[in-house]
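Residue numbers (our numbering), protein chains in the order written: chain A, 141 to 342; chain B, 31 to 109.
I should point out that these hints are in silico values taken from the structure, not numbers from a laboratory.
A virtual CB, placed ideally from N, CA and C, is assigned to each residue, including glycine.
A portion of the hints provided could be inaccurate.
[As the list claims (entries may be wrong)] Computed footprint of chain A on chain B; a stretch qualifies when at least three of its residues, placed anywhere within it, have a C-beta under 8 Å from a C-beta of chain A:
#, stretch
1, 36-49
2, 90-104
[What the hints assert, rightly or not] Beta-carbon label-pair distances, calculated as ranges:
#, chain 1, residue 1, chain 2, residue 2, range
3, A, Glu252, B, Thr35, 27 to 35 Å
4, A, Leu240, B, Cys73, 40 to 48 Å
5, A, Glu160, B, Gln59, 43 to 51 Å
6, A, Thr260, B, Glu100, 38 to 46 Å
7, B, Glu60, A, Arg226, 38 to 46 Å
8, B, Glu41, A, Leu310, 42 to 50 Å
9, B, Lys64, A, Ala315, 51 to 59 Å
10, A, Ala201, B, Glu92, 43 to 51 Å
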Amino acid sequence: MHAGSLIDLTEAGVRDRTKEAFQELVLAELPALYSLARRLVRDGAEDLVQEALLQAFKAFATLKEDAAAGRWLKTILVNVFRDQLRKRSRTVDERPMGDLDDFSLYRTLVDEDPFPYSDTLHADFLQGFDSEDLREVIIRLPDIYRVPLVLRYMYGFATKEIARLVDAPLGTILARLHRGRRLFEREMWTYAQEAGLLAKES
Amino acid sequence: MSDTTAIPCSEAVRQLWDYLDHAISPNDQEKVEKHLSFCRSCCGELEFAKEMRVILATSTAEEIPPHVRERLERFVEGL
Numbered sequence: 141m142h143a144g145s146l147i148d149l150t151e152a153g154v155r156d157r158t159k160e161a162f163q164e165l166v167l168a169e170l171p172a173l174y175s176l177a178r179r180l181v182r183d184g185a186e187d188l189v190q191e192a193l194l195q196a197f198k199a200f201a202t203l204k205e206d207a208a209a210g211r212w213l214k215t216i217l218v219n220v221f222r223d224q225l226r227k228r229s230r231t232v233d234e235r236p237m238g239d240l241d242d243f244s245l246y247r248t249l250v251d252e253d254p255f256p257y258s259d260t261l262h263a264d265f266l267q268g269f270d271s272e273d274l275r276e277v278i279i280r281l282p283d284i285y286r287v288p289l290v291l292r293y294m295y296g297f298a299t300k301e302i303a304r305l306v307d308a309p310l311g312t313i314l315a316r317l318h319r320g321r322r323l324f325e326r327e328m329w330t331y332a333q334e335a336g337l338l339a340k341e342s
Numbered sequence: 031m032s033d034t035t036a037i038p039c040s041e042a043v044r045q046l047w048d049y050l051d052h053a054i055s056p057n058d059q060e061k062v063e064k065h066l067s068f069c070r071s072c073c074g075e076l077e078f079a080k081e082m083r084v085i086l087a088t089s090t091a092e093e094i095p096p097h098v099r100e101r102l103e104r105f106v107e108g109l
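Pulled out of the complex, with its shape left as it was, chain A reads as follows:
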């Protein structure tokens, strides 16, 4: 039943892998791709997206389902970013935990009490950050911590998938996520002080 097979394929969301189909598919994903790129690099997000689109177009035939296009494109973008990092051949910037392991943003807020008249201190602190503030905090982190954090907690990638994408053992990714969370929290506190997000002393 040829007709039935064709209908099945259409229902599964598989279209021709033409240039027009590619254009239609990726245009809807541009904001998400650009947003991801801006969380991986401080400058050059547009170039990163363009390179990812070029690679995606070359590999378009490998996309199995249109519905998976968003994740597929993001994965390609992360691969391009990883390759660019490797070309820069920067040394891995692993930070010793040191006193970082003891840092708790939750406790710091209780101790420092930046909103003395608030009954919802922690929520008030978080609400002071808009998406640009959070982007600035995350972009300040070293690549090896930022990439797993962005992929895991901003884009919902599984830790195993992140390990495969950055070509590191799962245990290393889990350790970097742990350190990355602490670094992120400490950087949030530093940034809040610098950017005037805390209540002024009366």
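Assemble the complex: chain A is given as a structure, and chain B must be docked to it using the hints.
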């Protein structure tokens, strides 16, 4: 029989995000839950971690600047 030895706050807090991810063993999950059942401070840490995860997950929805969108669209059309 699982080991449900009590854990200190430092250990519970260290595992909170993995606890929320269900990325620790059932035994460790149980230990964290047991600790949370009596520790108000760590329950606060847990709620804070949940709120933090929400703002991280929702912070990526942003408009693409029109001039950037235009250039990227032209790039796609030129492929």
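Comparing the hints with the structure gives:
Counting residues of the stretch 36-49 of chain B whose beta carbon lies closer than 8 Å to any beta carbon of chain A gives 5, which meets the minimum of three for the stated coverage. Counting residues of the stretch 90-104 of chain B whose C-beta sits closer than 8 Å to any C-beta of chain A gives 10, which meets the bar of three, so the coverage hint holds. Between Glu252(A) and Thr35(B) the C-beta distance comes to about 33 Å, which sits within the given range of 27 to 35 Å. A C-beta distance of roughly 23 Å is found between Leu240(A) and Cys73(B), which places it outside the suggested range of 40 to 48 Å.
Look at Glu160(A) against Gln59(B): about 50 Å separates their beta carbons, and that is inside 43 to 51 Å. For Thr260(A) and Glu100(B), the hinted distance range of 38 to 46 Å is satisfied, since their beta carbons lie about 42 Å from each other. Between Glu60(B) and Arg226(A) the beta carbon distance is about 42 Å. The supplied range of 38 to 46 Å therefore holds. Between Glu41(B) and Leu310(A), the C-beta spacing of about 21 Å breaks the proposed range 42 to 50 Å.
Checking the proposed 51 to 59 Å range against Lys64(B) and Ala315(A) shows it is violated: the Cβ atoms sit about 25 Å from each other. A beta carbon spacing of about 31 Å between Ala201(A) and Glu92(B) contradicts the range 43 to 51 Å that was offered as a hint.
Checked against the numbered hints given earlier, the structure breaks hints 4, 8, 9, 10 and satisfies all the rest.
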